[in-house]
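> Next come the chains, spelled out residue by residue.
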Amino acid sequence: VDVGTQTRDAFILAHKQPLSTYAVENMDFVLEYGLYNVGDKPAQKVTIDDRHSFPTNSFDIVKGLLFVHFEQIPAGSNVTHSVVIRPRAFGFFNYTAAQVTYYTDNENHHVTLTNTPGEGYIYRQREYDRRFAPKYTYFLVFFLIVAPTTLGSFLLFQQSKARFPNVIKKKST
Amino acid sequence: ADVVDGEVTDDAPKNSQEDDDLTIGASPDAGLAFHFVQPSDANVVREFYTGKPVKYLIGFQNKGEKDFVVKYAETSFRFPTDHSYHLQNFTRGEYNRRVAPKEEVTLDYGFYAHETFAGRPVGLVVNVHYQDADGNVFVNNVYNQTINIMEDDSGFSGETGFLFIFFVALSIGGLYLSNQFLSKLSRKSGLSKRRVVEQGTSSEVDFEWIPRDAVKNKEKRSPATVSPKARKSAKKAD
Numbered sequence: 001v002d003v004g005t006q007t008r009d010a011f012i013l014a015h016k017q018p019l020s021t022y023a024v025e026n027m028d029f030v031l032e033y034g035l036y037n038v039g040d041k042p043a044q045k046v047t048i049d050d051r052h053s054f055p056t057n058s059f060d061i062v063k064g065l066l067f068v069h070f071e072q073i074p075a076g077s078n079v080t081h082s083v084v085i086r087p088r089a090f091g092f093f094n095y096t097a098a099q100v101t102y103y104t105d106n107e108n109h110h111v112t113l114t115n116t117p118g119e120g121y122i123y124r125q126r127e128y129d130r131r132f133a134p135k136y137t138y139f140l141v142f143f144l145i146v147a148p149t150t151l152g153s154f155l156l157f158q159q160s161k162a163r164f165p166n167v168i169k170k171k172s173t
Numbered sequence: 001a002d003v004v005d006g007e008v009t010d011d012a013p014k015n016s017q018e019d020d021d022l023t024i025g026a027s028p029d030a031g032l033a034f035h036f037v038q039p040s041d042a043n044v045v046r047e048f049y050t051g052k053p054v055k056y057l058i059g060f061q062n063k064g065e066k067d068f069v070v071k072y073a074e075t076s077f078r079f080p081t082d083h084s085y086h087l088q089n090f091t092r093g094e095y096n097r098r099v100a101p102k103e104e105v106t107l108d109y110g111f112y113a114h115e116t117f118a119g120r121p122v123g124l125v126v127n128v129h130y131q132d133a134d135g136n137v138f139v140n141n142v143y144n145q146t147i148n149i150m151e152d153d154s155g156f157s158g159e160t161g162f163l164f165i166f167f168v169a170l171s172i173g174g175l176y177l178s179n180q181f182l183s184k185l186s187r188k189s190g191l192s193k194r195r196v197v198e199q200g201t202s203s204e205v206d207f208e209w210i211p212r213d214a215v216k217n218k219e220k221r222s223p224a225t226v227s228p229k230a231r232k233s234a235k236k237a238d
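If you're matching them up, the sequences are chains A and B in order.
If you're matching positions, the first sequence starts at 1 in my numbering and goes up one per residue.
If you're matching positions, the second sequence starts at 1 in my numbering and goes up one per residue.
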């Protein structure tokens, strides 16, 4: 049987990847799921179930759903789905695979697991702010430290200058 | 043997005869698929860009009655006309994923094409190693195509940036040297217009520098200027 000409049923490749660079407690974390039908026939009744990966005592769901349903994915096409979650606490977390189920043309039920992003670290908010937060307070503190040597000098100069108001007048007359 | 994108289902004896690279064959119970995720048009045009990540997915289907364990996937660049010659071996993607009967998994991998490969075709070969519950080892080739690696000329590169800075520095240096030359010329032409330096002083006294009180008391004799003799004679007269 020639592999190139062999027709085959729908085959869903399921991809799960985080779009956010860092996972920080109490901050949004974006996940994207991609389903690619690399088979020759459409896949019916496709579902993505990732509810077991993000327990509610560890994550809040900000936007999107962890259980979605697509009626059909045609052959050679793909769909993407995004979820925004928010970690509640910092520490290590193992991102497991999501489960994808679909039916092929002859009503065969298929169960697919996505790739596993693996173990990641959820940063403490203070650590993240120390590195990435805007540094307005630092600029304010720096200005207060530098003010005696810049503003102070300027004020003393003005005060000294005010003691000789008639010097220029005398010279001109 | 050339394999098209997508599912690969081979019989073990056939595969072992055709592929010198794979001395171990594929399992008839395993169905594999391959798909590029990034860049997404790599599935059609087979072009990569240096410096941009290349990510793909490998699908594994277990059609048999026993468990499979997908061990790892090995990705390599080969010489296009001689696939036994390895140009680069990428880090193995270790998975060790268990696939139950009638289930499927998806595995992902990513790499960067180095700039030394820009502008030439290379053969990309992806093999997946897995074994069944009885410990038999299988290898499946999921991708074996010649791809073109293009040079990424979009965006701002550090080399171009430093070249620009160097050009600016050269132009500033040129301006400085030309300014020096022009100032020399203007100085020569300005010799005749040089101001005459004052020589000596005039007999007239400049009273501007003398306090006015001293000028007022000029007629009046100051007691300090009287000589001691004059003071003695004045005392005698009194």
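By construction, these hints were calculated from the structure, which means they are not laboratory data.
It is possible that part of the hints are untrue.
So these bits of chain B aren't anywhere near chain A, every CB distance computed over 10 Å [unchecked claim]:
1. 84
2. 105
3. 136
Cut-off 25 Å, straight-line C-alpha distance, at most; resulting in silico cross-link-like pairs (BS3-like, lysine-lysine) [claimed, not checked]:
4. B/55 / B/66
5. B/102 / A/45
6. B/102 / A/41
7. B/63 / A/41
8. A/45 / B/63
9. B/71 / B/102
10. A/41 / A/63
Keep in mind the model is a prediction, meaning the values are calculated, not measured.
For every residue, glycine included, the Cβ atom is placed at its ideal position computed from N, Cα and C.
> With reference to the structure, classify each hint as holding or not holding.
To see whether the hints hold, each was checked on the structure:
The claim that residue 84 of chain B is not at the interface with chain A holds, since no C-beta of that chain comes within 10 Å of its own (minimum 22 Å). With a cut of 10 Å on Cβ distances, residue 105 of chain B falls inside the contact zone with chain A, its closest approach being about 5 Å. With a closest Cβ-Cβ approach of about 22 Å to chain A, residue 136 of chain B is found to remain outside the 10 Å limit, as its non-interface label requires. For a cut-off of 25 Å, the pair hint linking residue 55 of chain B to residue 66 of chain B is broken: about 30 Å separates their Cα positions.
The straight-line distance between the Cα atoms of residue 102 of chain B and residue 45 of chain A is roughly 18 Å, inside the 25 Å bound, and the hint therefore holds. Distance restraint check for residue 102 of chain B and residue 41 of chain A: the Cα-Cα separation of roughly 19 Å lies within the 25 Å cut-off, and the hinted pair is therefore satisfied. Our distance criterion of 25 Å between C-alpha atoms is met by residue 63 of chain B and residue 41 of chain A, whose separation comes to about 18 Å. With a C-alpha separation of about 21 Å, the suggested pairing of residue 45 of chain A with residue 63 of chain B holds against the 25 Å cut-off.
Taken as a hint, the residue 71 of chain B and residue 102 of chain B pair is honoured in the structure, with Cα atoms around 18 Å apart against an allowance of 25 Å. A C-alpha spacing of about 32 Å is found between residue 41 of chain A and residue 63 of chain A, which places the hinted pair above 25 Å, so the restraint is violated.
Violated hints for the displayed structure, listed by number in ascending order: 2, 4 and 10.
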